[in-house]
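Student: Using the sequences and the hints given, assemble the complete structure.
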Amino acid sequence: MAIELSPQSVDVNPASSFLEVRDLRVHFPTEDGLVKSVDGVSFSLEKGKTLGIVGESGSGKSVTSLSLLGLHKGSRARVSGEVWLDGEELVGMTEAQMRALRGQKVSMIFQDPLSALHPFFTVGSQIAEAYRVHHKASKKEAHERAVEMLKRVGIPQPERRAKDYPHQFSGGMRQRAMIAMSLVCDPELLIADEPTTALDVTVQAQILDLIRDLQEEFGSAVIIITHDLGVVAEISDDILVMYGGRRIEYGSVHDVLKAPEHPYTWGLLQSMPHLGGDVSQRLNPIPGSPPSLINLPSGCAFNPRCAFKDQVADGRCLSERPELLPVLDSDKHIAACHLTGDAKAEIRSASARGTK
Amino acid sequence: MTRYLIRRLLSAFTVIAVVSLVTFLIFFALPSDPAVLACGKACTPDRIAAIHHSLGLDKNIFVQYADYVTGFFAGRTIGDGANAIHCAAPCLGISFHDDSNVWDTIWGRFPADLSLALGAAVVFMVVGVALGLAAAVRKGKLVDKFAVGLALFGISTPIYFSALVLQFFFVDKWQWLPAPNYTPITQDPAGWFQGLILPWAALVLGSMAYYTRLTRSTALDVMGEDYVRTARAKGLSRGKVILKHTLRSAITPIVTIFGMDFGALIGGSAIITETAFGIPGIGQLAVQSVLNVDLPVIMATSLFAATAVVLANVLVDVVYGIIDPRVRYA
Ligand SMILES: Nc1ncnc2c1ncn2[C@@H]1O[C@H](COP(=O)(O)OP(=O)(O)O)[C@@H](O)[C@H]1O
Ligand SMILES: [Mg+2]
Chain V
902 MAIELSPQSV
912 DVNPASSFLE
922 VRDLRVHFPT
932 EDGLVKSVDG
942 VSFSLEKGKT
952 LGIVGESGSG
962 KSVTSLSLLG
972 LHKGSRARVS
982 GEVWLDGEEL
992 VGMTEAQMRA
1002 LRGQKVSMIF
1012 QDPLSALHPF
1022 FTVGSQIAEA
1032 YRVHHKASKK
1042 EAHERAVEML
1052 KRVGIPQPER
1062 RAKDYPHQFS
1072 GGMRQRAMIA
1082 MSLVCDPELL
1092 IADEPTTALD
1102 VTVQAQILDL
1112 IRDLQEEFGS
1122 AVIIITHDLG
1132 VVAEISDDIL
1142 VMYGGRRIEY
1152 GSVHDVLKAP
1162 EHPYTWGLLQ
1172 SMPHLGGDVS
1182 QRLNPIPGSP
1192 PSLINLPSGC
1202 AFNPRCAFKD
1212 QVADGRCLSE
1222 RPELLPVLDS
1232 DKHIAACHLT
1242 GDAKAEIRSA
1252 SARGTK
Chain U
10 MTRYLIRRLL
20 SAFTVIAVVS
30 LVTFLIFFAL
40 PSDPAVLACG
50 KACTPDRIAA
60 IHHSLGLDKN
70 IFVQYADYVT
80 GFFAGRTIGD
90 GANAIHCAAP
100 CLGISFHDDS
110 NVWDTIWGRF
120 PADLSLALGA
130 AVVFMVVGVA
140 LGLAAAVRKG
150 KLVDKFAVGL
160 ALFGISTPIY
170 FSALVLQFFF
180 VDKWQWLPAP
190 NYTPITQDPA
200 GWFQGLILPW
210 AALVLGSMAY
220 YTRLTRSTAL
230 DVMGEDYVRT
240 ARAKGLSRGK
250 VILKHTLRSA
260 ITPIVTIFGM
270 DFGALIGGSA
280 IITETAFGIP
290 GIGQLAVQSV
300 LNVDLPVIMA
310 TSLFAATAVV
320 LANVLVDVVY
330 GIIDPRVRYA
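Protein chains in written order, with the numbering used here: chain V, 902 to 1257; chain U, 10 to 339.
Rough simulated footprint, nothing fancy, chain U against chain V, three-plus residues with beta-carbon under 8 angstroms: (1) 993-1002; (2) 1028-1040.
From the structure, some residues in chain V lie toward chain U, with a derived Cβ separation under 10 angstroms: (3) M1009; (4) D1013; (5) S1016; (6) F1022; (7) Q1069; (8) C1086.
No wet-lab data here; the hints were simulated from the structure.
From the three backbone atoms N, C-alpha and C, an ideal C-beta is built for every residue, glycine too.
Tutor: Here it is as structure tokens:
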């Protein structure tokens, strides 16, 4: 009934996927102008599957994920679009309705666990608290559950470490504690926002393994946010590439990494260190810097940094915003670039020859 | 923790010792002479010298200071011959002005002093913080505007003025309260309370504003912290997020300010309120002692104030250690 009353839901069309995000927009009015942090993002995800969202910092990844928890409610953010999670629409929900889902149905591993954990409460009590929000459990039961979770994420001497404060944990341990906290209520959708960025490579691999194992165990849907395509290649089924708050390429990891369609995706791939690759090989960071989200460049938002814009006739990259179009021979691979398929194939093979 | 506390207490002791020496030296640098005051109009140099001798002021300054310190720890006899008075340890001397034992005078005034300070401090801390928190939560709304307005009013109204206004309305005009005075709580709890309502109110009006403003701004900062977002992401209720996760961090700077304020209040900084309402506290005693050029009382009130401030700060550190686990083991 409530849904029928809400004005946006004239043609409500509940999603068939477990998670379906449609035309999500999150805009922040600021003194400098309207910051369009997320501007028309759509994607879907099934249970048991993993979506990787990639993009440089400032491309709107965190803001997107916060809207899946309804954490923009009560702030100045203007959110529109639809987020369907297991048949329920989240954007139109009230704070109280959303609260019942947070931590329970959807939970999040935040970027930077040192600042995301409360410095004044013990790790164990913070995990126990997350459990008690959604379960009728005594303090003691919740504490036992917290210790069990710490053990599960591989923290040695969990009984003792539960009584420690976040600052007494190492970076990797804190991230594990954060994961333990986000999994304590067996969420069906888990969002991991750059879970490995601050960690060294071995710990990074352990954390990714852990997320993968837990996903297998619980069958949850996982969104992993990162600016490291290597992480995505390793763990995801689908990949969404964001630039300036918009999608520029989206598809299965297999398709996108085999034949990336967008020059920005190429750039991300080239700026990524190859594990086991030639150490002397130079990394090529993408020249220039991410665009202002208040005034995106006209045409293709990536055009000021794109090396191939001259290969498109009539300066269309500067004047006309490319649509997200399906890539031939692929069921859901889409990309927004004016280059022709032939031109892209040519550039790809040239670059493959170059690196050999 | 214990070692830390011992270190803090030792440094507190050093501060108090330095304050005592400096006060002593300043007194002797002052142009006024207690003997001249005591001697009256028909004064001769002989008589002044005799008074100096009887007060011990004819001795070397450092000998006098040494006597003072020894007296504090071991007691001493002041004056000689028939005028000799014994002052038991801890001896803060005998008033030049009325020969009373200064230690007894200080402790006699302590209950009034503590009543005034404690009552006011609890109220301005609790109400100030609550108002500041409410303002932060409802930023830009009516509660916020009211709290900020009240804060501005409180800060810009001098205590001697608000004391007069309060007294005029509540006592003289509406006669809701008896004239403010101090009755020991042991004698008459209700009278103690009624007599202190207006002095407390005057102090609260003057100080609460700082707590409101400080709480509002720190709470707003803390609400922007990642860990508060985490608390929301767990599905915690708004009340839990604010009263548990936000307040716990926002209270830290407030504890510091509160420690200093409370120490100063006990130490006699409520002097205007004491005077306006005739509460026999330490502040009044301190002012009187300066007017009387009464060295032992000046020394005692300064030391008392220094001790109160320093101890309040040690206490703040202890509370800090309880609030913030990151300083606990430092
Ligand atoms: N509350 C906010 N108010 C204004 N701008 C914001 C707010 N939150 C995020 N932004 C802006 O949105 C953009 C995208 O941020 P974010 O999603 O954190 O990027 P990412 O996670 O991809 O690095 C950034 O430019 C950031 O400044
Ligand atoms: Mg981010």
